[in-house]
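All chains, full assembly: derive it from the sequences and hints.
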Amino acid sequence: MKCLSDYCDFNLKQVVKDPTRNSNILDLIFTNMSSHYNPPEVIAPLSTSDHNMVIWMAKSQQRSVNIVKKIKFRPTPRYNLQQFGSCLAQYDWSTVLNLENVDEKVEDFTRATNDMINYYFPEKTVRMHSDDKFFITTKIKKLLRKRDNAYKQGIMQKFRKLRNRVASEITKAKRHYYVMNIGKLNTNGDARMWWKKVWKLTGKKKPSINLSEQGSDSKLEDSDAANMINTFFSDLTNDFPEIQPRWSLYGHSDVLPTVTPESVAKKLFSIQSHKAPGPNDPYLKIIKMFAHSFAIPLANIFNASFGQKVFPKLWKEFRLAPIPKVEPCTNLDEIRPIALTSTISKIQESYVVDWMYDDIESKICKEQYGGVPRSSAVLALVHLLHKWNKALDLSQRKFEFKKLLEKHHSGEDYHTLLDCLMKIRNVVDKLGGVRMPQLKSVVLRTCSRLGIDTTITDSRSKEVILQNEDILFGRVYPILGWEPRDCKYYREWLIRKLKKRTELENLDLNRKLNNCSVKTEIDSVGSP
Numbered sequence: 005m006k007c008l009s010d011y012c013d014f015n016l017k018q019v020v021k022d023p024t025r026n027s028n029i030l031d032l033i034f035t036n037m038s039s040h041y042n043p044p045e046v047i048a049p050l051s052t053s054d055h056n057m058v059i060w061m062a063k064s065q066q067r068s069v070n071i072v073k074k075i076k077f078r079p080t081p082r083y084n085l086q087q088f089g090s091c092l093a094q095y096d097w098s099t100v101l102n103l104e105n106v107d108e109k110v111e112d113f114t115r116a117t118n119d120m121i122n123y124y125f126p127e128k129t130v131r132m133h134s135d136d137k138f139f140i141t142t143k144i145k146k147l148l149r150k151r152d153n154a155y156k157q158g159i160m161q162k163f164r165k166l167r168n169r170v171a172s173e174i175t176k177a178k179r180h181y182y183v184m185n186i187g188k189l190n191t192n193g194d195a196r197m198w199w200k201k202v203w204k205l206t207g208k209k210k211p212s213i214n215l216s217e218q219g220s221d222s223k224l225e226d227s228d229a230a231n232m233i234n235t236f237f238s239d240l241t242n243d244f245p246e247i248q249p250r251w252s253l254y255g256h257s258d259v260l261p262t263v264t265p266e267s268v269a270k271k272l273f274s275i276q277s278h279k280a281p282g283p284n285d286p287y288l289k290i291i292k293m294f295a296h297s298f299a300i301p302l303a304n305i306f307n308a309s310f311g312q313k314v315f316p317k318l319w320k321e322f323r324l325a326p327i328p329k330v331e332p333c334t335n336l337d338e339i340r341p342i343a344l345t346s347t348i349s350k351i352q353e354s355y356v357v358d359w360m361y362d363d364i365e366s367k368i369c370k371e372q373y374g375g376v377p378r379s380s381a382v383l384a385l386v387h388l389l390h391k392w393n394k395a396l397d398l399s400q401r402k403f404e405f406k407k408l409l410e411k412h413h414s415g416e417d418y419h420t421l422l423d424c425l426m427k428i429r430n431v432v433d434k435l436g437g438v439r440m441p442q443l444k445s446v447v448l449r450t451c452s453r454l455g456i457d458t459t460i461t462d463s464r465s466k467e468v469i470l471q472n473e474d475i476l477f478g479r480v481y482p483i484l485g486w487e488p489r490d491c492k493y494y495r496e497w498l499i500r501k502l503k504k505r506t507e508l509e510n511l512d513l514n515r516k517l518n519n520c521s522v523k524t525e526i527d528s529v530g531s532p
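To convert, note that position 116 of the sequence shown is 120 in this note's numbering; the numbers rise steadily by one, no gaps.
Don't read these hints as lab results, they were simulated from the structure.
Keep in mind it's a predicted model, so treat the numbers as computed, not measured.
Treat the hints with care, as some may be off.
Stated by the list, open to error - Under the rule of at most 30 Å between Cα atoms (straight-line distance), these lysine-lysine pairs were calculated in the DSSO-like manner:
#, residue 1, residue 2
1, Lys128, Lys367
2, Lys367, Lys74
3, Lys137, Lys210
Claimed, not checked - The calculated label-pair distances, taken between Cβ atoms and stated as ranges, are:
#, residue 1, residue 2, range
4, Arg439, Glu331, 56 to 62 Å
5, Trp359, Pro126, 27 to 33 Å
6, Phe236, Val170, 48 to 54 Å
7, Trp359, Leu435, 28 to 34 Å
8, Thr241, Leu435, 34 to 40 Å
9, Met184, Phe322, 50 to 56 Å
10, Lys162, Phe322, 53 to 59 Å
11, Lys178, Ala93, 57 to 63 Å
12, Arg131, Gly89, 45 to 51 Å
From the three backbone atoms N, C-alpha and C, an ideal C-beta is built for every residue, glycine too.
Okay, structure coming up:
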């Protein structure tokens with residue numbers, strides 16, 4: 005009672021007048037500033053609570069604007085896809101194929117394609133509120149409205165039934181959203197979709213453009229900002245020279261390869277339909293799904309365009325998207341213009357790029373990665389890493405050579421042997437499939453060739469010695485032009501080779517090969 009009397013000293017009044025639990029007022033609000041607030045509003049309880057919620061709002065409160073966003077999409081049910089495929093298979097493209105003018109071909113193709121797509125896959129619009137949860141569906145919104153109306157009408161039995169149903173539907177919606185959108189991201193490895201869902205869940209928004217009038221801080225309306233951006237970008241191109249039609253007189257279009265429907269279908273299948281299309285592109289998802297059917301008229305259009313040296317006007321149009329460079333973006337210089345051109349026109353341009361590359365491929369340096377498709381980053385990095393590894397490996401080898409020679413030699417002999425070892429190492433690196441001989445064996449035979457005394461011992465394995473000498477004397481020395489005269493190891497190696505040659509000659513191999521009808525290339529290469 006003492007605590008309540010202390011509150012009364014501040015002239016506090018209880019402002020909740022409606023029952024908050026059954027017929028009792030159990031949730032109270034004490035204040036001495038009731039004149040600044042609207043009367044409290046008692047609404048339906050939250051979830052399964054038996055206490056109603058009380059909302060007390062200030063009179064001068066600035067309400068947050070609930071932005072309603074309209075999203076357009078085209079549902080593609082399986083039955084409609086089947087009907088569309090049957091219609092497309094029977095469609096007569098003769099009108100497009102028989103027209104002479106390229107622009108008329110493109111216009112007729114675009115009109116016919118859009119008419120069929122709009123008929124079988126009509127565009128629908130969904131209203132999304134800015135404060136909607138990501139899992140909220142239209143069905144849940146309808147149930148929420150019915151629940152609130154039942155509470156206001158005092159139909160408590162209906163209210164409790166709808167309340168439980170809303171809770172059940174929300175649980176199902178969350179589970180379905182996770183399975184269809186989040187669970188798959190853990191297995192398919194699609195980084196783009198992963199970050200798209202992360203940004204949606206965390207409420208991250210794209211950078212916005214907040215332009216204001218010159219000399220004023222007031223923000224421009226969307227229409228005025230769009231006109232200002234349009235004028236700014238159009239002024240940048242005023243000094244560009246107009247392309248003269250005389251350039252179409254150059255070249256011979258009759259020598260160009262013919263574009264086949266098969267190659268067009270292959271390129272259509274590679275379309276990334278999730279990317280923004282051009283202003284006159286048909287629905288790319290459908291174009292990609294029925295690539296073989298659309299490839300026939302498109303191949304005809306491409307061939308006519310190349311033959312007439314005319315690029316279709318409809319495919320020259322583009323949609324300019326202003327992308328902010330910084331956040332916040334308040335200046336026109338901080339906007340990057342991105343042109344969304346026709347996806348089908350890019351397919352036609354890809355043929356020109358392929359033909360040009362076929363002509364100049366032999367003249368492009370192998371290390372000029374900027375001119376090689378899909379290699380400017382990967383191969384350049386591989387080449388760079390190879391150079392680094394080679395340099396590090398060379399330093400490591402030189403360190404190993406120095407470590408061995410420093411134990412047994414010094415002065416001029418040390419530098420002479422080190423130089424010879426590096427030359428042998430370089431030759432071995434250039435030989436394909438050849439390993440560097442054992443280092444001690446190489447140093448020992450190099451010292452014998454140069455007449456340098458050494459305390460290095462030879463390998464204990466006779467088989468390893470023979471392999472080392474075959475590589476060193478048989479392959480490396482001839483490339484370096486070395487022919488030792490006073491080297492005992494080289495002399496012993498030559499004697500062994502001569503003995504093997506004599507043994508082969510005594511076998512009379514040519515006669516035996518002829519008797520066995522064995523075909524060889526010894527005659528063309530030389531006798532063994």
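Against the structure, the hints:
no.: 1; hint: Lys128 - Lys367; verdict: 53 Å, violated
no.: 2; hint: Lys367 - Lys74; verdict: 53 Å, violated
no.: 3; hint: Lys137 - Lys210; verdict: 18 Å, holds
no.: 4; hint: Arg439 - Glu331: 56 to 62 Å; verdict: 58 Å, holds
no.: 5; hint: Trp359 - Pro126: 27 to 33 Å; verdict: 40 Å, violated
no.: 6; hint: Phe236 - Val170: 48 to 54 Å; verdict: 50 Å, holds
no.: 7; hint: Trp359 - Leu435: 28 to 34 Å; verdict: 40 Å, violated
no.: 8; hint: Thr241 - Leu435: 34 to 40 Å; verdict: 59 Å, violated
no.: 9; hint: Met184 - Phe322: 50 to 56 Å; verdict: 34 Å, violated
no.: 10; hint: Lys162 - Phe322: 53 to 59 Å; verdict: 56 Å, holds
no.: 11; hint: Lys178 - Ala93: 57 to 63 Å; verdict: 42 Å, violated
no.: 12; hint: Arg131 - Gly89: 45 to 51 Å; verdict: 32 Å, violated
Checked against the numbered hints given earlier, this structure breaks hints 1, 2, 5, 7, 8, 9, 11 and 12; the rest are met.
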